[in-house]
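The listed protein sequences derive, respectively, from chains S and C.
Quick note on numbering: the first sequence equals residues 2 to 353 in this note's numbering.
Quick note on numbering: the second sequence equals residues 2 to 353 in this note's numbering.
Treat the hints as calculated values from the structure; they're not laboratory data.
Please note that the accuracy of each hint is not assured.
For identical chains, the list gives no copy identity; a pair is met inside one copy or between any two copies.
Stated by the list, open to error - Capping the alpha-carbon separation at 20 Å, the derived lysine to any residue pairs in SDA-like fashion look like this:
| # | residue 1 | residue 2 |
| --- | --- | --- |
| 1 | Lys-4 | Arg-59 |
| 2 | Lys-26 | Ala-324 |
| 3 | Lys-105 | Arg-226 |
| 4 | Lys-26 | Ser-15 |
| 5 | Lys-71 | Leu-320 |
| 6 | Lys-222 | Leu-285 |
| 7 | Lys-222 | Asp-72 |
| 8 | Lys-133 | Thr-326 |
| 9 | Lys-222 | Ala-173 |
2 protein chains.
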Amino acid sequence: MVKINEVAEAAGVSISTVSYALSGKRPISPDTRRRIEDAVRELGYSPNAGARMLAGSRTQIFALTEPLRKDTHAPTHMAFVLATAVAARRNDYDVLLLTDEDAKAGMGRVAANGLVDAILVLDVAPDDERVKLSRAISTPTIFIGVPDDNEGLVCVDLDFEGATALAVDRLADAGHRIVGLIGQPDVSYEKSNFPPRVRASFEERAEARGLAHVFATTGTKRTSRTATRRAVGQLRDAGATAFVLHCTEEAHAVVLGELAELGLRVPDDVSLVSVGASFDTGALATPLDSIPLVPEASCDLAVDLAIRSLGEDRPEPGLRLIAPTYVSNASVAALVPGAGVHSSPGSEGPTP
Amino acid sequence: MVKINEVAEAAGVSISTVSYALSGKRPISPDTRRRIEDAVRELGYSPNAGARMLAGSRTQIFALTEPLRKDTHAPTHMAFVLATAVAARRNDYDVLLLTDEDAKAGMGRVAANGLVDAILVLDVAPDDERVKLSRAISTPTIFIGVPDDNEGLVCVDLDFEGATALAVDRLADAGHRIVGLIGQPDVSYEKSNFPPRVRASFEERAEARGLAHVFATTGTKRTSRTATRRAVGQLRDAGATAFVLHCTEEAHAVVLGELAELGLRVPDDVSLVSVGASFDTGALATPLDSIPLVPEASCDLAVDLAIRSLGEDRPEPGLRLIAPTYVSNASVAALVPGAGVHSSPGSEGPTP
DNA sequence: TTGAAAGCGCTACCAG
DNA sequence: CTGGTAGCGCTTTCAA
C-alpha cells in the first residue's frame, strides 16, 4: 500500500506539500501540483483512511441507523438507503450501516469511538428511542422523519400534512363532497411516524372544507389484498367519489383492479390522488395524480445538513419540511353531480 | 472523547496494560483487570477507531458492495444485507455500504485506502465486473453468489442445482410424470446468476428421471400478475401435475390464487414445491413445501470466511455450496393416475 | 510557495 | 504479570 512519503519522493517535494496539494488547503504552484498529481496517479496512491481519521478530525463516514421493523416496506426503505448513500458519495462520504437489534447500541458505539462524522436516522418512530440518545452524544445527528418529541433536533421530511391538505383541496376544488382515505395497515398507525399525520391532516382539511370523509386501512399487520378490496368497498359505501391513497404500490394496484371490476372508471366515476408514494404512480395500470415522497429530496437535504453541522454555520435545530409538489396524471376530474354516486352518503363524517 | 491514558490514570496502570486488558492479548491479574474495567465503564471509554486502524492493522469494518439493479427484488435483497450486518456485528465488525453506480469504484477505493478488512460481494452477476477487480486488489473478497468465471474466488451460495434436483426428485418419487417450473421474469435469465442455474438443473434432472417438463416465466422485465397466471395455464396445458416454483412471494400467491380459481386443490390436484425462496412459504394461503434460500446461512458463512481470510488459515479459493434442506408443508402428494390430469401431455419436453 | 516536525490515540514490541 | 516507547500515515502548525 503506497504511502504519502513515496509520493513525495517521486514528485520531489515534501510530504506536507503533497498533503496540501491533495486537500487544496493552500496554494500550490501549477508545476508542483502537476508533478504531484502525476506521481499520485502512477503510484495509485490513496491516503490511508485510519491515518486520516486520526490526524485530521474527519472520518468521511456517516452512520445510517435503520432499525428494520417487521412492517418496514422494503422497496421504500431501500430507496431511502440508496438515496442516502448516493448523496453521501457525492460529498465524498461513505455510509456505515447500523442495523443493531438495539438501535441505540450502534449509535452509541460510533459516537463514542469517533468512527463517523455524523449520524443519519432513518425509519423514525413517533416515540423513537434514538431521540434521547442523540441528545446525549456530541456526534451531529440528522433525523429523516419527525419523532413526536423533536425539541432541539434537526429533522427532514416531506410536509405530509401539507401534501395531504393539498390533495384534499384539489378534490374539494373539483367539487367532490365525500372523500375517502385508503391508508396503511393498522399497525402503521401505532408504530410509524407519518401515517397518523396523514390521517389527521386528511380529516382536518376535509372538515375545514366541509367535506364528509371516510377512512379505511389496507390490512392489520401488513398490506393484504382482501383488506384493500374491502377498503374500496367501505369508501364507496360511504358515498365517496374521490379517494386519497396513502398505501403501498401493491395496494394502489389492487385499488385500481377493484375499481375496474366494479365497472368504475378513473377519473369519470372516481377521482384518485396518491399521497406520499415513493414509486412512480405514472407507471400504474391507470396513471395517478400524485404528491410523491421523493427519497432523494429528503436524503440530499439530510446529507447537506449533516455536512453543514460539521462546519461553522451549523444548522439550527428544527423541522425542515419539504414542500409538496403535485404531479398530475389526469386521475382527478370535476364531479358531475349524480354520475356514479350512490344516493345515500353513508353514516360517517359530517354531512354539511 | 475519553482516551486510553485517562483510563490508565483512573485505573492506576500503564497505557499498555489497558490496551492489553481490552484486547485480551496477554494475561492480566484479576484485580488489575477489574480496576480497568471499572474505569472503562465509568468514563465510558471506547477506543478511537482511527487510532486503532492506524496502529493495529484491523479496521473492524467490512465493505458490502451491492450494485442495485432495477430488477433487484428489494425484500430479498434487504434480507441479505440485514443478515450480513447481523453476522458482522456478532464478530465485532461494522458494515460499510458500497452502492456506487460504478461498482468497481467503491471497491477500488476502500481497497486502496485500507478502510475495510474485507469485502463482501452481494448480488453477483454471471459476468460480474467485480470479479476482475477482486483479483487485482489485496483486500480479501468473498462472493455471496457464484459468477461464471469464479476461478480462484471464494464463493458462498445455496446449492441451487442440488436444491432443484431435490425438488424434482421428490416429485418424481411421488409418481409425477410431467413437471413444470414457474420461474422469474425473463430478464433474470440474462442478468442474474442463479435463475439460469435452477432452470438448467430442473430440465436436466427431469430428463434424467424420465419426466416431461415445461418452463414458464412470470413476466418480462418484472413479475406481473397476468404473466404469472398465464404461466399456470401453460403448465396445466402441458399436462403438468406438479409445479416447482422459483419466483417472488407475490408470484407464489398469484399461482395459489389461480389454482384455486381453476378449482384445483393442493396437493390433491397439483403438487407444489418452492425452490430458493427467502420468505416463509409456510405462511402462504396454502403452506408450501420449500427448499429455501436462507440468507443467514449464506451470510454467516461469508462473514466467517472473511474473518478467516484475515488470519492464518486462509480459506482455499473455491465454491462453498450450502446443502439444500427440504421443509415439508404437505403440498406434495403422490399422483393418483388420472385424477385431475389432462389426457394430452402437451407438446413440450420428451415424452418417455 | 514550500519544508520540518509535532502530534493524533492506539498497538505491540522490548524490557523488566 | 506490568511499563515504557517506537511507530502506524497523515494533517497542520510554525518557520523560512
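Each hint tested on the structure:
Proximity of Lys-4 to Arg-59 under the C-alpha cut-off of 20 Å is found in both arrangements, the shortest distances being 19 Å within a copy and 17 Å between copies. For the identical chains of this complex, Lys-26 and Ala-324 are neighbours neither inside a copy (37 Å) nor across copies (56 Å), given an alpha-carbon limit of 20 Å. For the homomeric pair Lys-105 and Arg-226, neither the shortest alpha-carbon distance inside one copy (36 Å) nor that between copies (41 Å) is at most 20 Å. Taking CA atoms no more than 20 Å apart as the test, Lys-26 paired with Ser-15 passes inside one copy only; the shortest distance there is 15 Å, against 38 Å between copies.
Taking identical chains as interchangeable, the C-alpha atoms of Lys-71 and Leu-320 are never at most 20 Å apart, the minima being 27 Å within one chain and 33 Å between chains. Taking the shortest Cα distances, Lys-222 and Leu-285 sit within 20 Å of each other only across copies (15 Å), while inside one copy they are farther apart (25 Å). Taking identical chains as interchangeable, the C-alpha atoms of Lys-222 and Asp-72 lie at most 20 Å apart only when both belong to the same chain, with a minimum of 7 Å there against 27 Å between chains. Taking the shortest alpha-carbon separations for Lys-133 and Thr-326, neither the intra-copy value of 33 Å nor the inter-copy value of 44 Å comes in at or below 20 Å.
For the identical chains of this complex, Lys-222 and Ala-173 are neighbours neither inside a copy (32 Å) nor across copies (39 Å), given an alpha-carbon limit of 20 Å.
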